[in-house]
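There are 4 protein chains.
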Amino acid sequence: MVGGGQGAFIGGVHRIASRIDDRFELVAGALSSTPEKAKASGEALGLDPERSYTDYEEMAKAEASRPDGIEAVSIVTPNHMHAGPAIAFLEAGIHVICDKPLTTSMEEAERIAKAVDASSAKFILTHNYTGYPLMRQARQMIERGDLGKIRVIQAEYAQDWMAEEPDADNKQAAWRTDPKKSGGGGAIGDIGTHALNLATFVSGLKPEALLADLDAFVTGRQLDDNAHVLLRMSGGAKAMLWASQVAMGCENGLTLRIYGDKAGIEWAQENPNRMTFTKFGEPKQIITRGGAGLGGGAGDWTRIPPGHPEGYLEGFANVYTDAADLIQGKADGALLPGIEAGLEGMWFIEACIESSKAGGTWVKR
Amino acid sequence: MVGGGQGAFIGGVHRIASRIDDRFELVAGALSSTPEKAKASGEALGLDPERSYTDYEEMAKAEASRPDGIEAVSIVTPNHMHAGPAIAFLEAGIHVICDKPLTTSMEEAERIAKAVDASSAKFILTHNYTGYPLMRQARQMIERGDLGKIRVIQAEYAQDWMAEEPDADNKQAAWRTDPKKSGGGGAIGDIGTHALNLATFVSGLKPEALLADLDAFVTGRQLDDNAHVLLRMSGGAKAMLWASQVAMGCENGLTLRIYGDKAGIEWAQENPNRMTFTKFGEPKQIITRGGAGLGGGAGDWTRIPPGHPEGYLEGFANVYTDAADLIQGKADGALLPGIEAGLEGMWFIEACIESSKAGGTWVKR
Amino acid sequence: MVGGGQGAFIGGVHRIASRIDDRFELVAGALSSTPEKAKASGEALGLDPERSYTDYEEMAKAEASRPDGIEAVSIVTPNHMHAGPAIAFLEAGIHVICDKPLTTSMEEAERIAKAVDASSAKFILTHNYTGYPLMRQARQMIERGDLGKIRVIQAEYAQDWMAEEPDADNKQAAWRTDPKKSGGGGAIGDIGTHALNLATFVSGLKPEALLADLDAFVTGRQLDDNAHVLLRMSGGAKAMLWASQVAMGCENGLTLRIYGDKAGIEWAQENPNRMTFTKFGEPKQIITRGGAGLGGGAGDWTRIPPGHPEGYLEGFANVYTDAADLIQGKADGALLPGIEAGLEGMWFIEACIESSKAGGTWVKR
Amino acid sequence: MVGGGQGAFIGGVHRIASRIDDRFELVAGALSSTPEKAKASGEALGLDPERSYTDYEEMAKAEASRPDGIEAVSIVTPNHMHAGPAIAFLEAGIHVICDKPLTTSMEEAERIAKAVDASSAKFILTHNYTGYPLMRQARQMIERGDLGKIRVIQAEYAQDWMAEEPDADNKQAAWRTDPKKSGGGGAIGDIGTHALNLATFVSGLKPEALLADLDAFVTGRQLDDNAHVLLRMSGGAKAMLWASQVAMGCENGLTLRIYGDKAGIEWAQENPNRMTFTKFGEPKQIITRGGAGLGGGAGDWTRIPPGHPEGYLEGFANVYTDAADLIQGKADGALLPGIEAGLEGMWFIEACIESSKAGGTWVKR
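Residue numbers (my numbering), protein chains in the order written: chain A, 228 to 592; chain B, 228 to 592; chain C, 228 to 592; chain D, 228 to 592.
Chain A extracted, bound-state conformation (with noise of 0.2 Å):
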């Protein structure tokens, strides 16, 4: 693991993760990038300390060169510091898990790009909510017909707990709002290349062009804090996507609702153990998570039966035990978000900022 030391949110949340279905054991790190904060995090964490590095470099040549050396690496670091170590261990020939949105400008995507092409090694993108059983599961109806020739997608992730100015020693609100560590996206980047992602990942359409407006509401903030977005999307299909970090009583509203010329699905995150399916003039049905009437579906990802709740660490989980079948090559990864999904999220949050400065135009990819 890069990054995940003391005081960090996502680091431990991979880690639990990875832990769930006991694919991966944590072995080494280089958990910080202060040399005694890494010494004190990898203590903490029982790592041995000949294996707890306070440079990622370093990790990457003398793991490299072990005959034990690490399989896989989690970046789990903020968004600055996701190419130099994605770079290092691809190639250094270790598999990359890297947290998301992929970098923090299309120009450092595209070395990262380069050096997954250059590499035996794996790259995964931590889109973590395609890992929810049931939109998995909505992946696989649409891919089939379920819902016919998509219409419209709304999707929306809105959030407050930015919608004030947050306390100085908010680690998690300092670096999101920090051009310098999260690039130039703040709500579009951190949560909206979510929703764009989970979007594209169950419609299986691409973006062809979008129109942002972004708002930065509170005083003194430099990144965007609610993006209304239109796209358009391959096939004639149209989405809107709201990212909000300051729309007061929302926690973390993701939500997903598509509409084909067949049927509609409806989904959100904050119970993500149902979703509805309503075919045109039948009544609306509740789809639960490995739940009646489904024939496979979200049953294949899932470890407990209908009607126990499995919830954001689960989801998570998912994405590593399929990381871990594909690194063991027992599994092709098709669900797996890798470098494709990086470049679209960075193109998204690049073009968002170049249409709302130019006033809110059509950006094509």
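Be aware that one or more of the hints could be misleading.
When chains are identical, the list treats them as one kind, so a pair holds in a single copy or across two.
Claimed, not checked - Cross-link-like lysine-lysine pairs, in silico, DSBU-like; alpha carbons within 30 Å at most:
hint	residue 1	residue 2
1	K584	K433
2	K489	K264
3	K584	K288
4	K506	K489
5	K376	K584
6	K288	K408
7	K506	K288
By construction, these hints were calculated from the structure, which means they are not laboratory data.
Since the structure of chain A is provided, determine the placement of chains B, C and D on it from the hints.
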């Protein structure tokens, strides 16, 4: 009543709404443009044959000259038949309660506006969703500052009843998809204007510019059946508005969410007796119609205790009852949508069409 | 109308309900047992002073002898004032629409039943929740076997408005907690009878025995404010019934869940336009009032399209409109609760009291 | 681990739950009573063959005498196989984490209790629903008086997976419906004990008497599949408990509602990250797991921010992590269900059976 004969939908709604609080009596009508149908409909509704007219102009004149002539007329015809009767009755000094949208073009809209200016009679446009008690309470709450400065508005009106080519004998679908009867707006006119009106009614903000991406997804349809609209509102707030008649699984999905810098609210028409209200840093509250902890509010416009649901007809009845109060000089009708709301709606329709035709550009008001 | 003068609650509800479908006109009344109040109330409602009576017996006689005398009377007094007017009007040959529960004791109930038997007039008891379209549809579905053989019924009616000692001037609470006016039942009479009636109406089953554990939690309260009841129904089904006036957070929580050997349904009065229906091994369906896939059903008792909510008043209006059809010989009133429902309710009240007093023992019907 | 071999359900759950917070490592097991299956299961889970036992007594002895012997054992066998291993490991001084219900009879339960008393080792019973953060918060709230004096408890655990005769190869259904393996309780044992335990855990009250009406609705079933239970709790509170395996449309419908003289709460396991809380005369609040306005509360037992759902496995993990803390002397295990909860559950099962057999009479504790 003008319109509302056999086979009509909204006429019956107006009749019930006017009756609920016992403030109106139906005594005259030109219920259809087809004479036989007008007569038969009048008979079925128990009208005095002498006051069951076949022509609205004749009705306006005759009623204006009777000592027991009607005080007010309800116009419940398709859009292209609003202007004629509205102007005729206004000129005859008879109060007009007119269905929405105002008419089929801005030009006609302005002719009605002139007639309103010139008349001693009142003009009320039945944007009936403003009659829901909780929407009136939300307006109060925003007016008194409970939400702080408004930042973001998310308004939706999604249906699915026109998701396929309707049956040839579906009279309701037929006129709504015919530009000659409906005007240039499809979904934007029939339901988009409701969403906009409700958003402005509750927020107190006005649209300053919009950008629209309209589609007619159903083959052969001449008018839009899906509209994605971005709006810039007075005071710097941003709005998203989605109107759709092809969203499979949505019956009458009018929802309004408004977020300020102090709090946010969320409401959905299909379960109109509850609204959520969240102050920053506090748990979400469920505000019920007339329920605990309101301090006045919705209880002023409700007939039965909380927990006993009121619905669409009661909200509509509130508009009628307020109209009666206005007409009888008992109240100032401050909550009643009138000609201004009508003109705003017509601007919305025409601006959406203009924007979309130009490929999705901003149109200022 | 008898009762329903100033300060009353349910009288106003009956008046609106009778008006919604324009089948009744209020022309006479004995609106209060206090003469001045009766007169003032009659005036406020626009009654002809001659037909605004101060005594129900006088009213029954006078109206029966007028050529334009009333066809039907609504009795909307507190429970202890049902029997007198009901019998008087039945004897006068005037149809009676009576609020529930039937009366305050089984003895009186049987006197009313005798009067019903002896009269040419009809007797309707306003168990208004049977008027909800989806409850009627549920009854249809069970009748035609959609749920199979019924096994389990869970019925609840939970409120919180009497969770503390009410204010001295709360007229509604005052008579409901006074054994002289309400009879021996508190929550079981006021709301428990509704829950039982709805359960039997929908399921088609009858109670064969019950066991009750009653409490009066509020200090000094003479009648029960919480009732836990087990029932054994005809056909071997088992039921649980909970009625409470002290359940903090419940406004008017009437819910009904019925499970058969083929399928189950769930419905809640506070959002009455939806019901779930689950066949074994299939996804749960959301059945909406008048919505897709019904095959008739609730659409027969509804005024507006699905997605436009109807509420308590429209359900109540269905009872009145059916009563009008029955009185005019247009229908057989098969869905209308009558004297049988009233006697069953009285048995329920008295059996609950008997059971609870005996420490919670089974009482057979 | 004892039990949990191939084809088992709850064993896998225990393994994940123990792993989530990285406090346990699985190093030994007697995973099946069938030797070949025990071996194969051990191999599949990566156990050292030497520590993959075919007999729990052998395992208890061997592990107790190893310097690196296990500190704790999880017993995840069917009910009739709890007592043997529990006593064996307790006698060997090894901590026991045992699945519920405690065992199949009160007599055996008391033998386990004696072993607990006599042992230096701890005994934890995995009533896992007590691990849900909001249930722990609810307990805190009641303890500190937020609800006032408790009046009414409504507890339910409704499922439908045994609503028909299960397939012959349904191993989970098979032992649960076999009195030899399950004991005398069907639904009351498998899920009713969970509902009772959660109600007592949260409310702090104890059952003083109960009355049960049990049914076996599915033809040929030997154990109850539906239970209607009334309870009289300490302090004068009254409770209703419904446990069912034949409630069509219910997947894992464990719900708890508690009403005091100051406030009420409502929670449903299927969406466990929210709970409502209503103070008398105030709007209902939605309390989210770790969300705003808690003052500590659920946030103490959660891994990720509010809005990111946690589920069944994380709740289960809280029990395991608390067990680790207790075993390592880091905490006093005050929230952990132990032998007392097990004895209470056995009393519940036996009292329900006794009551129902007697026709539905009160049984005191």
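Hint check:
1. K584 x K433: This pair counts as both: shortest intra-copy Cα distance 23 Å, inter-copy 23 Å.
2. K489 x K264: neither (55 Å within a copy, 38 Å between copies)
3. K584 x K288: neither (43 Å within a copy, 58 Å between copies)
4. K506 x K489: Both: 6 Å inside a copy, 23 Å across copies.
5. K376 x K584: between (34 Å within a copy, 24 Å between copies)
6. K288 x K408: Within one copy, since 25 Å is at most 30 Å while 57 Å is not.
7. K506 x K288: Answer is neither: 55 Å inside a copy and 51 Å across each miss the 30 Å cutoff.
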